[in-house]
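K.L.:
Okay, here's what each chain looks like letter by letter:
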Amino acid sequence: MAEGYYDYPVVKRPVWTWEVPAYFWLGGMAAGAYVTASLAQNFGSADDRRVAGGGYYVAAAALVPCAPLLVADLGRPDRFHHMLRIFKPLSPMNLGAWTLTSFTPLAFARAASHAASTGLLRGPLGALARLVPTRLAELAGGVLGLTLAGYSGVLLAATNVPLWARSKLLGGLFMASALASGSAAVTLQAGRGGVPDATLHRLTTIESAASAGEMAILAGYLVQSGKTARPLTTGRFSAPFWLGAVGAGMLLPLLLHRVAGRRHGRALRSLSSAAALCTIAGSLALRWSIFEAGKVSSEDQAASFELSGGAGR
Amino acid sequence: MIDAYRRMMNIEQPPAPKAARGFFTDTSLCIGCKACEVACKQWNQLPADGFAMTGNSYDNTGHLGATTWRHVQFIEQAKANGSGQDQRWLMMSDVCKHCANAACLEACPTGALVRTEYGTVYVQQDICNGCGFCVPACPFGVIDRTPKTGHFEAGTAHKCTLCYDRLKDDMTPACAKSCPTASIQFGEIDELRANARRRLGELQARGESKARLYGMPDGQEAAEVGPLHAFFLLLDEPKTYNLPEVPRLPRKTMAERYGWSAAVGIGFALVGALVFGRRG
Numbered sequence: 000m001a002e003g004y005y006d007y008p009v010v011k012r013p014v015w016t017w018e019v020p021a022y023f024w025l026g027g028m029a030a031g032a033y034v035t036a037s038l039a040q041n042f043g044s045a046d047d048r049r050v051a052g053g054g055y056y057v058a059a060a061a062l063v064p065c066a067p068l069l070v071a072d073l074g075r076p077d078r079f080h081h082m083l084r085i086f087k088p089l090s091p092m093n094l095g096a097w098t099l100t101s102f103t104p105l106a107f108a109r110a111a112s113h114a115a116s117t118g119l120l121r122g123p124l125g126a127l128a129r130l131v132p133t134r135l136a137e138l139a140g141g142v143l144g145l146t147l148a149g150y151s152g153v154l155l156a157a158t159n160v161p162l163w164a165r166s167k168l169l170g171g172l173f174m175a176s177a178l179a180s181g182s183a184a185v186t187l188q189a190g191r192g193g194v195p196d197a198t199l200h201r202l203t204t205i206e207s208a209a210s211a212g213e214m215a216i217l218a219g220y221l222v223q224s225g226k227t228a229r230p231l232t233t234g235r236f237s238a239p240f241w242l243g244a245v246g247a248g249m250l251l252p253l254l255l256h257r258v259a260g261r262r263h264g265r266a267l268r269s270l271s272s273a274a275a276l277c278t279i280a281g282s283l284a285l286r287w288s289i290f291e292a293g294k295v296s297s298e299d300q301a302a303s304f305e306l307s308g309g310a311g312r
Numbered sequence: 000m001i002d003a004y005r006r007m008m009n010i011e012q013p014p015a016p017k018a019a020r021g022f023f024t025d026t027s028l029c030i031g032c033k034a035c036e037v038a039c040k041q042w043n044q045l046p047a048d049g050f051a052m053t054g055n056s057y058d059n060t061g062h063l064g065a066t067t068w069r070h071v072q073f074i075e076q077a078k079a080n081g082s083g084q085d086q087r088w089l090m091m092s093d094v095c096k097h098c099a100n101a102a103c104l105e106a107c108p109t110g111a112l113v114r115t116e117y118g119t120v121y122v123q124q125d126i127c128n129g130c131g132f133c134v135p136a137c138p139f140g141v142i143d144r145t146p147k148t149g150h151f152e153a154g155t156a157h158k159c160t161l162c163y164d165r166l167k168d169d170m171t172p173a174c175a176k177s178c179p180t181a182s183i184q185f186g187e188i189d190e191l192r193a194n195a196r197r198r199l200g201e202l203q204a205r206g207e208s209k210a211r212l213y214g215m216p217d218g219q220e221a222a223e224v225g226p227l228h229a230f231f232l233l234l235d236e237p238k239t240y241n242l243p244e245v246p247r248l249p250r251k252t253m254a255e256r257y258g259w260s261a262a263v264g265i266g267f268a269l270v271g272a273l274v275f276g277r278r279g
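For the protein sequence lines, the chains are A and B, in the order given.
Residue numbering for the first sequence follows numbering that gives the first Met the number 0, starting at 0 and increasing by one per position.
Residue numbering for the second sequence follows numbering that gives the first Met the number 0, starting at 0 and increasing by one per position.
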């Protein structure tokens, strides 16, 4: 027998559809790739800097579908620009809209600047792209990128859906997932070209750190969520979560990186590319399973009462 | 200069604040006639919900939603505690609470959700772009989005307006006007609160030991969302009416969640700088 009014939910089921987790995934990957590329550009050796340009291309490419996905999910897509009629960072949705609006042109400008420096972009556009202050774009883009990667989990947590709101760590979890998939995307494009082994080893070390951090935060998230996490850890979404997000997305890449750490040349390239693909796919599985399981969680009357009973704060 | 900009952009001055208005819903007087549901639908021209039966008592409305702004609950209690009766029916006309700190209003990224001069919370239909963030933000599950197609005012967020249009003409909201037992009382908040306290005293004197008010400034339910502009007299625990004990305001926990997110980002940047900086 339910404690409340029949077994009716206390809160409303989120109306968002697949566009939202797809955007969180791509936007996070773009941001992670931009940050990784900027770190390589500013702190790395001459060889490390060779992967940065490709990183900026990946970031720009992953950003292309982001705004259209976000617009498509709106109830009134023709009014998407209403997001920008006010500046209200108190609302994570408004903060995210402004961040995406400012990060996207910045990432494109930085990619264009690299294209101009390699001679890929010529003529008046190339001349224009050469005017981009690269250091400033890297610094500002790094800050905006981290904001883009970090706000999505906080947005979901700033609701009354028990699975999203109970733990303090969803924002950190999505941030770690974004940085792992972003650095993996940089590795993936670096694995194709003539990048020295030492640079690839450094990239896989960074990826491993992000994946290990992600696993630790996920463990904390599950502990803090307790029984509330059941729609994610059991039932329909348990397979994409455990096998996809945890198994393929975190454990397998960590294992492959351990093996790759002692390899060179072609073996290193194949192993690091395989690990990168797994991390990227796992990042999508993580967003999607937590997003969908949240809808199930919103209908859980008991979990809602537990969240609003004073213990969930 | 600012005035010239305002004129150019057709920005109007907001109306001057008026005395706060609201609802006091005294559930001990509700007879479950659903006149409020019908009056609300008629005045606000909301479509019917269909003829589906829930199988749960006489409540076939089920939930508040985008096109249902009053909802009468029928709670059947077999062994009612403290009432001295073997069986009782609790009825309650639920509505948007018009919170003093409204989660929907804080979540809204477009400024479509505003606080009116009467202290109520209102969705501007010409501004809302249907982002849907207010829907899971509301701790009471009140506001919802209409389907994207095949609907009047499709794809935007809707909820009780506390009959903003009627208030503008000094009229009583449709639900309160139609209530035959004065279970739904409309008026200035201070007056309603005084009435509510008096009524609670009366009921307690008659032995309704579990009677309580929900949404008053001193209640624990006001800890985060503040006093409710639509508040209630209940005859049992809030949970019995599907009301949260301490409704959460997401803003209260946001800084900590951003903090963890930022810590992870900064940690990654440090690791990256160290790994790339360690020239081999």
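A hint or two may mislead.
Unchecked claim - Cut-off 25 angstroms, straight-line C-alpha distance, at most; resulting in silico cross-link-like pairs (DSS-like, lysine-lysine):
#1 B/Lys251 to A/Lys294
#2 B/Lys40 to B/Lys251
#3 A/Lys226 to A/Lys294
#4 A/Lys87 to A/Lys167
#5 B/Lys167 to B/Lys209
#6 B/Lys147 to A/Lys294
#7 B/Lys17 to B/Lys176
#8 A/Lys226 to A/Lys167
#9 A/Lys226 to B/Lys238
#10 B/Lys251 to B/Lys238
#11 A/Lys226 to B/Lys167
#12 B/Lys167 to A/Lys294
#13 A/Lys87 to A/Lys226
#14 B/Lys209 to B/Lys40
#15 B/Lys251 to A/Lys167
#16 B/Lys147 to B/Lys40
#17 B/Lys17 to B/Lys147
#18 A/Lys87 to B/Lys176
To be verified - Cβ pair distances, simulated, as ranges:
#19 B/Ala204 to A/Glu18: 56 to 62 angstroms
#20 B/Gly54 to A/Thr16: 47 to 53 angstroms
#21 A/Leu135 to B/Ala222: 31 to 37 angstroms
#22 A/Gly219 to B/Ala3: 38 to 44 angstroms
No lab work stands behind these hints, which were simulated from the structure alone.
Here the structure is a predicted model, which is why all the values come from computation and not from measurement.
Yeah, the Cβ is synthetic: ideal placement off N, Cα and C, and Gly gets one too.
K.L.:
Next step is simple, just say for each hint if it's right about the structure.
P.N.:
Now for the hints, and whether the structure bears them out:
1. B/Lys251 to A/Lys294: holds (22 angstroms)
2. B/Lys40 to B/Lys251: violated (35 angstroms)
3. A/Lys226 to A/Lys294: holds (16 angstroms)
4. A/Lys87 to A/Lys167: Holds: A/Lys87 and A/Lys167 sit about 22 angstroms apart, inside 25 angstroms.
5. B/Lys167 to B/Lys209: violated (38 angstroms)
6. B/Lys147 to A/Lys294: Answer holds: B/Lys147 to A/Lys294 is near 19 angstroms, not above 25 angstroms.
7. B/Lys17 to B/Lys176: holds (21 angstroms)
8. A/Lys226 to A/Lys167: holds (15 angstroms)
9. A/Lys226 to B/Lys238: holds (20 angstroms)
10. B/Lys251 to B/Lys238: holds (22 angstroms)
11. A/Lys226 to B/Lys167: Judged against 25 angstroms, a Cα distance of about 48 angstroms means the pair is violated.
12. B/Lys167 to A/Lys294: violated (38 angstroms)
13. A/Lys87 to A/Lys226: violated (34 angstroms)
14. B/Lys209 to B/Lys40: violated (33 angstroms)
15. B/Lys251 to A/Lys167: holds (12 angstroms)
16. B/Lys147 to B/Lys40: Roughly 20 angstroms separates the two Cα atoms, so the pair holds.
17. B/Lys17 to B/Lys147: violated (35 angstroms)
18. A/Lys87 to B/Lys176: It is violated: about 37 angstroms lies between the C-alpha atoms, which goes past 25 angstroms.
19. B/Ala204 to A/Glu18: 56 to 62 angstroms: holds (57 angstroms)
20. B/Gly54 to A/Thr16: 47 to 53 angstroms: 30 angstroms Cβ-Cβ, so the 47 to 53 angstroms window is violated.
21. A/Leu135 to B/Ala222: 31 to 37 angstroms: violated (45 angstroms)
22. A/Gly219 to B/Ala3: 38 to 44 angstroms: Given a distance of about 54 angstroms, which is not inside 38 to 44 angstroms, the answer is violated.
In this structure, the earlier hints numbered 2, 5, 11, 12, 13, 14, 17, 18, 20, 21 and 22 are contradicted, and the remaining ones agree with it.
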